[in-house]
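Chain B is fixed; fit chains U and W onto it per the hints.
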Amino acid sequence: MEKMHLPSDFLPIFIQLGLALGFIITTMLVTHSIGPKRNSKLKDEAFECGIPAEGDARTPISVKYFLIAILFVLFDVEVIFMYPWAVNFKSLGWAGFVEMLLFMGLLLAGFYYVIRKGVLKWE
Amino acid sequence: MSFLVLIPLLPLLGFLINGIGFRRIPKNLVGIIGSAGPVAAFALSVYAFISFQAQGSAPIHVHLFDWITVGTLNIPFAFQIDQLSLLMLLIITGVGSLIHIYSVGYMHHDEGFGKFFAFLNLFLFFMLLLVMGSNFVIMFIGWEGVGLCSYLLIGFWNKNTNYNNAARKAFIMNRIGDLGYLLGIFLIIQQFGAVEYAVVFEKAATMAVDSPAIVAITMLLFVGAMGKSAQIPLYTWLPDAMAGPTPVSALIHAATMVTAGIYMVIRSNVFYSLAPDTLDLIAIVGLATALLGASIGLFQNDIKKVLAYSTVSQLGYMFLGLGVMAYSPSFFHVMTHAFFKALLFLGAGSVIHAMSDEQDIRKMGGLRHKLPVTFATFVVATIAISGIPPFSGFFSKDDILANVYQHSKIMWGLGVLGSVMTSFYMFRLLFLTFFGTFRGTKQQEHHLHESPLSMTLPLVVLAVLSAVGGFLNVPEALFGSMKLSGFMAPLYELAAKANPVAFAHQHLSHTQEYVLMGVSVGAALLAALGAYVVFVVKKSVPAADGQETGLQKLVYNKYYVDEAYDAIFVKSMRTASDLAYSFGEFMIDLVVNGTGKVVKNAAAKLRLLQNGATSFYVFMMVLGITVIMLWNFWIK
Amino acid sequence: MLPIVLLSVFGIVVLFLGFSKSKNILLPATLLFLLVTLIANFVDWNHQYLYFNDMLWGNNASMVFSGIVLLSAFFVVALTRGFEQEGEAAQPAEYYGIMLFSLVGAIMMISYENLIILFVGVEILSVSIYILTGSDKRNLRSNEAALKYFLMGAFATGIMLFGMALMYGATGSFVISDISEIIGTRAWNEQSQLLYAGLLMLLVGLLFKVSAAPFHFWTPDVYDGAPTIFTAYMSTIVKTAGFAALYRLLAGSLASLQDYWFATLATITVLTLLAGNVTAVYQTSFKRMLAYSSISHAGYLLIALTSLTAKSQSSILFYSLAYSLSTVSAFGVLILVSQQQASNNYDAFNGLAKKNPFLAFVLAVSMLSLAGIPLTAGFMGKLFVFTDAAQKGTIWLLVVAILASAIGIYYYFRVLIAAYFKEGDLATIRIAPFYKVVLIIVTTLTIVLGLFPDLVLQLV
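Chains B, U and W are the protein sequences, given in the same order.
Convert by adding 148 to the 1-based position in the first sequence; the result is the number in the working numbering.
Convert by adding 1118 to the 1-based position in the second sequence; the result is the number in the working numbering.
Convert by adding 4 to the 1-based position in the third sequence; the result is the number in the working numbering.
Any given hint could turn out to be false.
[To be verified] Each computed EDC-like pair below joins lysine to aspartate or glutamate, with the alpha-carbon atoms no more than 16 Å apart:
(1) U:LYS1754 / W:GLU194
(2) U:LYS1754 / W:ASP263
(3) W:LYS141 / W:GLU98
[As the list claims (entries may be wrong)] The calculated label-pair distances, taken between Cβ atoms and stated as ranges, are:
(4) W:PHE362 / B:PHE214: 42 to 50 Å
(5) U:SER1599 / W:THR448: 51 to 59 Å
(6) W:TRP49 / B:VAL246: 26 to 34 Å
[As the list claims (entries may be wrong)] Which bits of chain W does chain U cover? Going by a derived footprint, with three or more residues having C-beta under 8 Å, they are:
(7) 159-167
(8) 196-204
(9) 279-286
The set of hints was computed from the structure by calculation and includes no laboratory data.
No residue lacks a Cβ here, since even glycine has one placed at the ideal position from N, Cα and C.
Chain B on its own, in the form it takes in the complex (with noise of 0.2 Å):
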């Protein structure tokens, strides 16, 4: 038998969803409008930790960290794929074992082109 679901029974949600709301919008107005404004040169700067802000936020960064951190993206998250087939790697047999051969040559197949490419040499 399956479950009816009303609308009703969605209230709860919401009343929850309409505190959580409720509750940061009515902070917020409330700090902005009691609170005391008091701006300087100082304290409008990005850091006050003593050592004066020089130069640009946004300065160009080789190209290389995000190669290798799209690349450890890559690699990591096939690990995902191995644990379901490690737990299954019984029942899925043979069959399973040379799919995840292949899935895992492909792997190395991109990761010898990586290498060849020169991407993770750091000069």
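Coordinates of chains U and W only, in the frame set by chain B:
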């Protein structure tokens, strides 16, 4: 029978090679390539003829592909080979080959040699398509195509404005006819829902005699035939068409294209047999054309013009025959006419060639010594066309006249009158050109020579055919067996079933036939004798231009038909189009420019939306989605 | 299935071929691979197959659509000339590899049975195209185009994914035939609101890919900014694949709801026709005009889709083919001319016919076909599409379409006027033999299909 496809394709191939390679292929090769296609096509046609008879003379249908399919109407690209198309094939490729070979000699000095052969081959392709097609639409393609080639070839020497005007005249007059033909096809589609001969005729055969639809279709188709086959009132283009090179006149304007109208009527004999009214009209138009053409021919001084009017007149005879349902005799005349008229034109070409492009017979004379082969063949052709036995013209013309006699004695009388005139002007031409003394300049006389073998050979072949061609269909009165008529008889079976009354006519007794033959032959001989007396014994030469008087002047100027057409149609058309032009100029400018401006302004405004800001683009997308959602969920 | 596997493997192979010293091998190798795939594509002819747990469904129609995509890709790749002109910064191996990978996406979009495959296909194709758009790394406009396309594409993908989720919520299935079955049990106006919202959003996502108004704004900027060869690539392949996908969605699962989506889609069709054709009038750049022309052709294709008659599929198929062929040859000429003149404007074509009659002829056939003049494939395509609309009985749509194509003649002929009637000092352009052969084939096909449309139509 798939080799049949090659018959039209070979000339097309020749056209493509010579057309694309124009000015790059050496002249000798051009001639060989240009002639090889027609000759091979002729060989294939003969083979087709033999195998057609071997397999029992049943019509062959070659389906190539489905060309147009619209709703229930299906127009296949297919060929139908039966008695009629086979005979046409033989004439077209046979005479065509001879004329191609002749052209090798005749056109050799022309700088447009390759172009000429390309066009000639293209013409053959379309002509073959015309006679081989298995439905009216394919015939129409051929019909238009030959018109186009005729236009191109009449205006072949396109540096001369008069020639170009002649080409245009031919094209426009043909267009008038084509319009009628096209309307006829539309009516056929509307009536029968098909264009295939087999289907259409099968359905038509069940209709009543003189039903309005059939009469309308036959009339419209006949308008097409009038244009293509130069009948009154659309005949004036044919004499002007002599502007083209002489082999063109022989091939297109004597032997093949102009007989397309006759082919079409015989092809549609089921229609025509069911429409006696149309047949009467055809007979009258044919007779009138025959007389008119012959009478104008009497006083022409241009060798090709005489032959042109003679062609108009002979085509008139063929239509006269069709009008009295003498389909086979008419076709017989198409055949013999193809032989002797092609021969006459080629002979005339040989004369013109020898005379350094002089065409006026008043400046010729006594050529028989210098051009013996041309002379001999020309004599054969003249006797043949005049209807003097035993040459071919006698048999075919007599066959037509015998049928006309059964239909109406007055028509027969007028027909004989026409053949008297024919005999007179032909012998006049012969005597003025080849007898007497030379009347041209010294230079021309010095240059006189017989033509090369490539030109005389076709002449001889055609002369033999003109002489013996008549034996194909010798009447029973002369102990013959009417072979051709017997061969073509299956073509009319359906029509005879549909309208048995029209086909049930009594035969003439042999005595009657002898009398008829005697009268027409005697008249022709008398006319020839008259011509001999006037032009050989008395040595009279036609007066110079502008000195004719009275009736002669009227006839010499072709009854002023061209001038009348010019005054009535061309002038009024000009005025009307001037009016329409100035009005249209204003209105159309208003509408066209107005629309253009609106669109341009709208474009200028719309263009601004494309401002390059991604945020705006996304905003527009969101707006679009919002509107779609709002509309679908709240408004609808 | 087989083409997908082959293309994936070939893509990797091409990437590795890029390591070899001689770059000359890349172009022939890619062409060979495409040819092999094209043949392999038709191996299952007259059979239907379901693969990947019934997620892909191949039939004759999908094979022909894939064939069109592969053929267009073949022609475009043949026009790349190995990217010799692009200089040192070019990465031919990567470009070819990405092109092959993108075709995997296109084929998935064409033969999906499960909405997830549609999504994956769209993403594979789009991401590849984003990269190709920005491949001219040192060119600011190329970068801008790539970023714009990516941002808007991501947005549209989000909408599409949302739509799929909503449809799943309404029907409990991603499989389009199942969805069709579930929808079929109820009348069109008694469906769940979730389904309606879902299908509208899914449509919006796909319409964005084929650049239908008002989701077309990216098209001119992206087409203009991308390297010309990739503009040719995306305008042919994305459009064909997108319309195949739309057709499969509408015919395969939402046909019974036609009364619901008809008005929306018809409005979008009209907007697209107007936006594309009217704006194109004002352009001075030939390349940008082709972008608008691509929008307007999306409009014509939408007519067939909106009408959704029994013949719509063959109309869309024929139209896509005709459009792809003409577009390839138009871009083929543009590439040569713009290289010589360093400009994409109409004036660059001035006097083209004098010294380069061949290129002018190719251009003329292509423009005539795009404008829908008889004896070209484009005319037949328009005829079929208009017939569909007439069959559905939407005469007003037909009127708009015919007016739009009348406007089209104006801007298509402008380039022909420049090429044939204007004075210019364009020197003879040297055309590589292979390049010439491709142009000849494409032009011939355009004319042949204009005369014998049955050659393709009878396939489906």
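Cross-check of the supplied hints:
1. U:LYS1754 / W:GLU194: Holds. LYS1754 of chain U to GLU194 of chain W sits at ~14 Å (cutoff 16 Å).
2. U:LYS1754 / W:ASP263: Status holds; Cα separation ~12 Å.
3. W:LYS141 / W:GLU98: 13 Å, holds
4. W:PHE362 / B:PHE214: 42 to 50 Å: 47 Å, holds
5. U:SER1599 / W:THR448: 51 to 59 Å: With a Cβ separation near 55 Å, SER1599 of chain U and THR448 of chain W satisfy 51 to 59 Å, so the hint holds.
6. W:TRP49 / B:VAL246: 26 to 34 Å: Hint holds: Cβ distance 29 Å, inside 26 to 34 Å.
7. 159-167: It holds: at least three residues are needed, and the segment 159-167 of chain W offers 3 whose Cβ sits within less than 8 Å of chain U.
8. 196-204: holds (count 4)
9. 279-286: Coverage by chain U holds here, the residue count being 6 at a Cβ distance below 8 Å.
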